[in-house]
Amino acid sequence: KAGVTQTPRYLIKTRGQQVTLSCSPISGHRSVSWYQQTPGQGLQFLFEYFSETQRNKGNFPGRFSGRQFSNSRSEMNVSTLELGDSALYLCASSLRQDFNEQFFGPGTRLTVL
Amino acid sequence: GDSVTQMEGPVTLSEEAFLTINCTYTATGYPSLFWYVQYPGEGLQLLLKATKADDKGSNKGFEATYRKETTSFHLEKGSVQVSDSAVYFCALATPSGSARQLTFGSGTQLTVLP
Numbered sequence: 001k002a003g004v005t006q007t008p009r010y011l012i013k014t015r016g017q018q019v020t021l022s023c024s025p026i027s028g029h030r031s032v033s034w035y036q037q038t039p040g041q042g043l044q045f046l047f048e049y050f051s052e053t054q055r056n057k058g059n060f061p062g063r064f065s066g067r068q069f070s071n072s073r074s075e076m077n078v079s080t081l082e083l084g085d086s087a088l089y090l091c092a093s094s095l096r097q098d099f100n101e102q103f104f105g106p107g108t109r110l111t112v113l
Numbered sequence: 001g002d003s004v005t006q007m008e009g010p011v012t013l014s015e016e017a018f019l020t021i022n023c024t025y026t027a028t029g030y031p032s033l034f035w036y037v038q039y040p041g042e043g044l045q046l047l048l049k050a051t052k053a054d055d056k057g058s059n060k061g062f063e064a065t066y067r068k069e070t071t072s073f074h075l076e077k078g079s080v081q082v083s084d085s086a087v088y089f090c091a092l093a094t095p096s097g098s099a100r101q102l103t104f105g106s107g108t109q110l111t112v113l114p
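As they're listed, the protein sequences go chains C and S.
Counting from 1, one number per residue, gives the positions in the first sequence under the working numbering.
Counting from 1, one number per residue, gives the positions in the second sequence under the working numbering.
If you're looking for bench data, these hints aren't it; they were derived computationally from the structure.
Bear in mind that the values here come from a model prediction, so they are computed numbers and not experimental data.
Please note that a few of the clues may not be correct.
Stated by the list, open to error - What follows is a list of derived Cβ distance ranges for each label pair:
no.	chain 1	residue 1	chain 2	residue 2	range
1	S	P10	C	E101	25 to 33 Å
2	S	L113	C	E101	27 to 35 Å
3	C	L83	S	K56	26 to 34 Å
4	S	T28	C	F60	36 to 44 Å
5	S	G1	C	L83	26 to 34 Å
6	C	S27	S	P10	36 to 44 Å
7	S	G78	C	S27	19 to 27 Å
8	S	T26	C	G40	41 to 49 Å
9	S	T26	C	F60	37 to 45 Å
10	S	K56	C	S79	39 to 47 Å
11	C	N71	S	F18	22 to 30 Å
12	C	L83	S	R67	36 to 44 Å
13	C	S27	S	T70	36 to 44 Å
14	S	E16	C	E101	27 to 35 Å
Stated by the list, open to error - Heads up, incomplete: computed chain S residues facing chain C, CB under 8 Å, no partners named:
no.	residue
15	P40
16	E42
17	L47
18	L48
19	F89
20	Q101
21	L102
22	F104
23	G107
24	Q109
Virtual Cβ for every residue (Gly too), placed ideally from N, Cα, C.
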């Protein structure tokens with residue numbers, strides 16, 4: 001069974017631009033969560049989607065948004081990029097919403113110049 | 001709010017040494033507890049978990065026991081290998097309800113020398 005895939009793996013953008021990251025969960029998984037990982041703040045929860053609905057959102061500004069499609073694939077978008085948005089963005093999927101078996105993708109490394 | 005406090009790193013050990021990485025948590029209700037491991041350039045892998053008090057999670061020689069009385073979930077391994085070098089994260093998941101998310105500790109970098 002294929003794992004969680006994230007595209008692209010690396011991305012370089014400049015301040016003010018916007019970016020879209022993609023996540024394909026494990027087949028059959030309906031819950032997708034996104035996390036931001038930085039050296040200073042560690043791993044922080046962005047949002048979680050289940051059956052195309054955002055079920056929970058972390059403490060991030062409105063520039064960060066996401067969506068989930070009917071095939072459970074998810075995208076996250078960051079508009080008006082700032083230098084501080086440089087991070088590893090991790091996607092995780094699980095069969096249900098109970099988090100007892102959450103599987104992470106390799107992440108997308110975003111660098112904002 | 002919920003929080004996880006992890007032992008500060010980095011930790012450097014010789015091969016076959018005993019490993020302990022301390023983790024304590026603050027949470028409302030009865031969270032599930034996890035240890036994740038991150039190898040260089042990769043995402044997180046679930047190492048072990050425990051869903052209720054006194055549960056012991058174990059995998060690949062690693063163990064951790066959910067201690068409700070001390071709100072702890074310390075990671076241990078009796079004999080570490082060079083291949084165990086990675087960053088280890090303790091995490092908790094809030095129980096059922098609207099606030100479903102993983103809350104992570106700051107991570108502990110482990111380096112095992114041959």
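The hints, checked one at a time:
1. P10(S) with E101(C): 25 to 33 Å: Since P10(S) and E101(C) have Cβ atoms about 29 Å apart, the given range 25 to 33 Å holds.
2. L113(S) with E101(C): 27 to 35 Å: At roughly 33 Å between Cβ atoms, E101(C) and L113(S) fall inside 27 to 35 Å, so the hint holds.
3. L83(C) with K56(S): 26 to 34 Å: 44 Å, violated
4. T28(S) with F60(C): 36 to 44 Å: Since the Cβ atoms of T28(S) and F60(C) sit about 22 Å apart, the hinted range of 36 to 44 Å is violated.
5. G1(S) with L83(C): 26 to 34 Å: 27 Å, holds
6. S27(C) with P10(S): 36 to 44 Å: Because 37 Å falls inside the window, the suggested range holds.
7. G78(S) with S27(C): 19 to 27 Å: Cβ of G78(S) to Cβ of S27(C): about 37 Å, so the range 19 to 27 Å is violated.
8. T26(S) with G40(C): 41 to 49 Å: 21 Å, violated
9. T26(S) with F60(C): 37 to 45 Å: 22 Å, violated
10. K56(S) with S79(C): 39 to 47 Å: Holds: the Cβ-Cβ distance is about 46 Å, inside 39 to 47 Å.
11. N71(C) with F18(S): 22 to 30 Å: Since N71(C) and F18(S) have Cβ atoms about 47 Å apart, the given range 22 to 30 Å is violated.
12. L83(C) with R67(S): 36 to 44 Å: Given a distance of about 41 Å, which is inside 36 to 44 Å, the answer is holds.
13. S27(C) with T70(S): 36 to 44 Å: At 40 Å between Cβs, range holds.
14. E16(S) with E101(C): 27 to 35 Å: Cβ of E16(S) to Cβ of E101(C): about 31 Å, so the range 27 to 35 Å holds.
15. P40: 11 Å, violated
16. E42: 6 Å, holds
17. L47: This hint is violated: L47(S) lies away from chain C, its Cβ roughly 12 Å from the closest one there, beyond 8 Å.
18. L48: 12 Å, violated
19. F89: With Cβ-Cβ at 7 Å, under 8 Å, it holds.
20. Q101: Cβ of Q101(S) sits 4 Å from chain C, so the hint holds.
21. L102: It holds, given that the least Cβ distance between L102(S) and chain C is near 6 Å, below 8 Å.
22. F104: Hint holds; F104(S) Cβ to chain C Cβ min 4 Å, cut 8 Å.
23. G107: 6 Å, holds
24. Q109: 11 Å, violated
Violated hints, listed in ascending order, are 3, 4, 7, 8, 9, 11, 15, 17, 18, 24; each of the other numbered hints is respected by the structure.
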